[in-house]
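**Q** All chains, please: the whole structure from these sequences, using the hints.
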Amino acid sequence: MEDLRTKSALRTAALARRKTVPVGERERAGVALASRIGELPAAATVAAYVSMGSEIPMEPALRAWLDAGVRVLVPRLGSGLRIGWSVLPAIGALRDVDSAGVPIARLMGEGDAGDARAESSESSESSASSASAASSASRSQPSNPRRPQEPDGEVLPPEALAQADLIVVPALAVDRGGVRLGRGGGWYDRALEHRRADAPVVAVVWPWEIVDGPLPHEAHDVPVDAALSVDGVVMFARRDADCRPHD
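In the numbering used here, the protein residues as written are 1 to 247.
Hint data in this document are derived by calculation from the structure and do not stem from the laboratory.
One thing to keep in mind: the hints can contain errors.
Stated by the list, open to error - For lysine to aspartate or glutamate, the following EDC-like pairs were computed, each having C-alpha atoms within a straight-line distance of at most 20 Å:
hint : residue 1 : residue 2
1    : LYS7      : ASP212
2    : LYS7      : ASP189
3    : LYS19     : GLU209
4    : LYS7      : GLU218
5    : LYS7      : GLU209
To be verified - The following label-pair restraints were derived from C-beta to C-beta distances:
hint : residue 1 : residue 2 : range
6    : ALA9      : GLY38     : 30 to 38 Å
7    : ALA9      : ASP231    : 21 to 29 Å
8    : ALA13     : ASP231    : 15 to 23 Å
9    : PRO157    : ASP231    : 32 to 40 Å
10   : ARG196    : LEU81     : 20 to 28 Å
11   : ALA9      : ALA219    : 16 to 24 Å
12   : ARG11     : VAL234    : 16 to 24 Å
These figures come from a predicted structure and were not determined experimentally.
Glycine included, each C-beta is placed from N, C-alpha and C at the ideal position.
**A** Set out below in structure tokens:
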């Protein structure tokens, strides 16, 4: 129980720190992050994710993989945050979705959906001089703050993750033993049960979110092999004995 309270406090602190990052700096971080993906292991298929809120924008990295001919899988949450994946054919295939995973464009029309994204941009977090960066943020981040954008294509089962040669996941913090602090829903811990043993798992974080001290963890928490930040890739010696998921 103490670990759960500590995790909650760490999440609150991490999100508060992220909210202090201006939109323009966050957008630049997305570009810098994409410039670092060449430091990751080569992969024919990458399972990644679509960023939202205060996360480092993933659109530049996703675009770089697609431009290089890499097959990209991204989460499909559907209703009830079930585990699923879809192939991302292009950045333009991403759509805002409602709480049931239905593309908002279907309900509102493409023009209205675009207006919704613009109105929900995080421009309030920056000064008026950051207006151009805020406009970019509104394009790369979803209008639904609780749901990432998704491609409107075939939903693949959880087992599709086994097709990935490299898995890139979000994190609020990660320690040097590979313990990852997520948002608390357990989606990735459950999803990662279907990964291949030889597929490295990499957490995307801000540089200050790579911590030296051990993070609290539970038996079901799946460790990561490395962290990717704007400063590059940091490899970890994982504490598998302490963090092994349930069979």
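**Q** Decide, hint by hint, whether the structure agrees.
**A** Hints, verified against the model:
Distance hint between LYS7 and ASP212 is fulfilled; the C-alpha atoms sit about 16 Å from each other, no more than 20 Å. Only pairs whose Cα atoms come within 20 Å are accepted, and LYS7 paired with ASP189 is accepted, the gap being roughly 15 Å. A C-alpha spacing of about 14 Å is found between LYS19 and GLU209, which places the hinted pair at or below 20 Å, so the restraint holds. Of the supplied pair hints, the one linking LYS7 and GLU218 holds, its CA atoms being roughly 10 Å apart against a limit of 20 Å.
Among the hinted pairs, LYS7 with GLU209 is consistent with the structure: their alpha-carbon atoms are about 14 Å apart, no more than 20 Å. Taking 30 to 38 Å as the suggested C-beta distance range, the pair ALA9 and GLY38 conforms, at roughly 36 Å. Distance hint check: the CB atoms of ALA9 and ASP231 are about 26 Å apart, consistent with the given range 21 to 29 Å. At about 21 Å, the beta-carbon gap between ALA13 and ASP231 stays in the expected band of 15 to 23 Å.
Between PRO157 and ASP231 the beta carbon distance is about 36 Å. The supplied range of 32 to 40 Å therefore holds. Taking the beta carbon of each, ARG196 and LEU81 are about 23 Å apart, inside 20 to 28 Å as hinted. Checked against the hint of 16 to 24 Å, the pair ALA9 and ALA219 passes, with Cβ atoms roughly 21 Å apart. Hint check: ARG11 to VAL234, Cβ distance near 21 Å, so the stated range 16 to 24 Å holds.
When the structure is compared with the earlier hints, no violation turns up for any of them.
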